Amino acid sequence: MIFVNDKDLVVPGEILAEEDFHPGRGTFKEENKICSSVVGLVAIRNKKISVIPLQSKYIPKRGDVVIGEINDIRFSMWGLDINSPYSGLLPASEVFGKEKRELEKVFKVGDVLFLRVIDVDEVKKVKLGLKGRGLGKFRGGILIYITPTKVPRLIGKKGSMINMIKDKTHCDIVVGQNGVVWVKGQTEMERIAEKVIKMIQNQAHTSGLTDRVREMLAELTGEEIEESKEIPEDLDEAEELEGETDENNNDQSPDEKEEDSSVEEDKNLPQEIIESKLNFNLKR
Amino acid sequence: MITIITLGTNIGAKSREDGRAFDELRNLKIEAGVLERADGSAYLEFGGNKVLVAVYGPKESFIRRFQRPDRAYIRCRYNMAPFSVDDRKRPGPDRRSIEISKITAEALQPAVILEKYPRSVIEIFIEVLEAEGGTRCAGITAASVALADAGIPMKDMVVACAAGKVDGQVVLDLSEVEDKDGQADVPVAILPRSGEVTLLQSDGNLTTAEFEKALDLAIKGCNQISEVQKEALKKRYGE
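Which chain is which? The protein sequence lines are A and B, in order.
Under our numbering, the first residue of the first sequence carries the number 2, and numbering increases by one thereafter.
Under our numbering, the first residue of the second sequence carries the number 3, and numbering increases by one thereafter.
With the rest of the complex left out, here is chain A:
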């Protein structure tokens, strides 16, 4: 027995279904009832009911790529703020290898890095690493904080949304899975990108978002909307909504998704990052 429809808005404690369904993310089972535990939208995928939260904090997961800001330097590691209840640790060995050097000379407090979560233990101690393609320090640019659950929506299906923003604003944009977005470009274009990203975050649960983003971008950048034909209209929207729920729903796909976008971002990374990245891998 089911009491809700797909994409319904539910509040904590609402009974979603009884028997013959499986509890997914954002739900819990009590006796034989499945109830929601957060405010969010219902997603039903073959007998599995999940609730996609509208608001959440980032919980670090192994393999995620995140953007962090250094806020502490200890004897052999950096402490980073990764927009989460848990602070990240970047051991010096991740950067230097076996060699010992002064930590302050490499990264200072306030530096912004693009990192990968190497390991999260049972007490949520987060170990970060810098080894990998595209990882390293950002020079300049601004940081925008969004709700982590809205990251897939910002990226869009196969990066459609984020690429549209990149094209229109001519900014370099990197999205961390912890809901931190790094934007670098001309100052006024950075502002436009920020406005658009905030708009996506506020309206992530509504449909027809791609079109509104396109209109907003055209209006703010003063360009004409002629390019809209490159993306097929209604069909795309439906697919994208679908895509959004899928990514949230399935534990596997967000990883793939982000993998995708980070590789894709690699090409667009500013030269400094690629340079600095090379500097870290001293072993080579």
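Think of the hints as simulated: they come from the structure by calculation, not from any bench.
Chain B stretches covered by chain A per the calculated footprint, using a threshold of three residues with CB under 8 Å from any CB of chain A:
{"no.": "1", "segment": "60 to 69"}
{"no.": "2", "segment": "120 to 132"}
{"no.": "3", "segment": "147 to 158"}
{"no.": "4", "segment": "185 to 195"}
To give a feel for the contact side, a few chain A residues facing chain B, derived at Cβ under 7 Å:
{"no.": "5", "residue": "Pro13"}
{"no.": "6", "residue": "Ser38"}
{"no.": "7", "residue": "Lys125"}
From a predicted model like this one, the values you see are computed outputs, not experimental measurements.
Glycine residues also receive a C-beta, built at the ideal position from the N, C-alpha and C atoms.
Using the hints, position chain B against chain A.
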């Protein structure tokens, strides 16, 4: 000349100070997500009460002795503004507000899934801007809306309501005057789906029968308030 007409099941009962029926709540309004910088927030008006609640977290706990390796902990601060009552209240925590802070945290704890965020802290700040009796219940009700708004996973939304005895009659939701003149006050907080009681206090003298009647009445009131809570959250996201 103003005549007050009361509707509902008030037949045979003595009318109350403000013309309500014995089982009638004061006007209730809840709004979620009113503060921009807080992770979750709620504003509640309940009769003459005005309560603002902010929730921050889950975030890293910097007070190491409160940290728990297996779950988060809830820190709650209930504070009455100096201008919230007729005679200016001396600012700062006093015996009463420390007690209410503690019972609020304990009333909310069973609902929140704390195991999801080990080593972290969830902070709740309840500010009473205007008080007119029943602020602890108003605070708990608003705090659970703010927690839900912050995206904190919960088994249910805690809701609180008081009942009491005034002029020898058991009534729901005491106002300030009724609380002062009345014989008893019973604040109750429940998890509406399962009916579990998370807070039960009793102040004053009640017979066993009266107490049971008051408890039933308070639970009935809680269920009504619960609907308003849910509406407030759904309204926040445009439904």
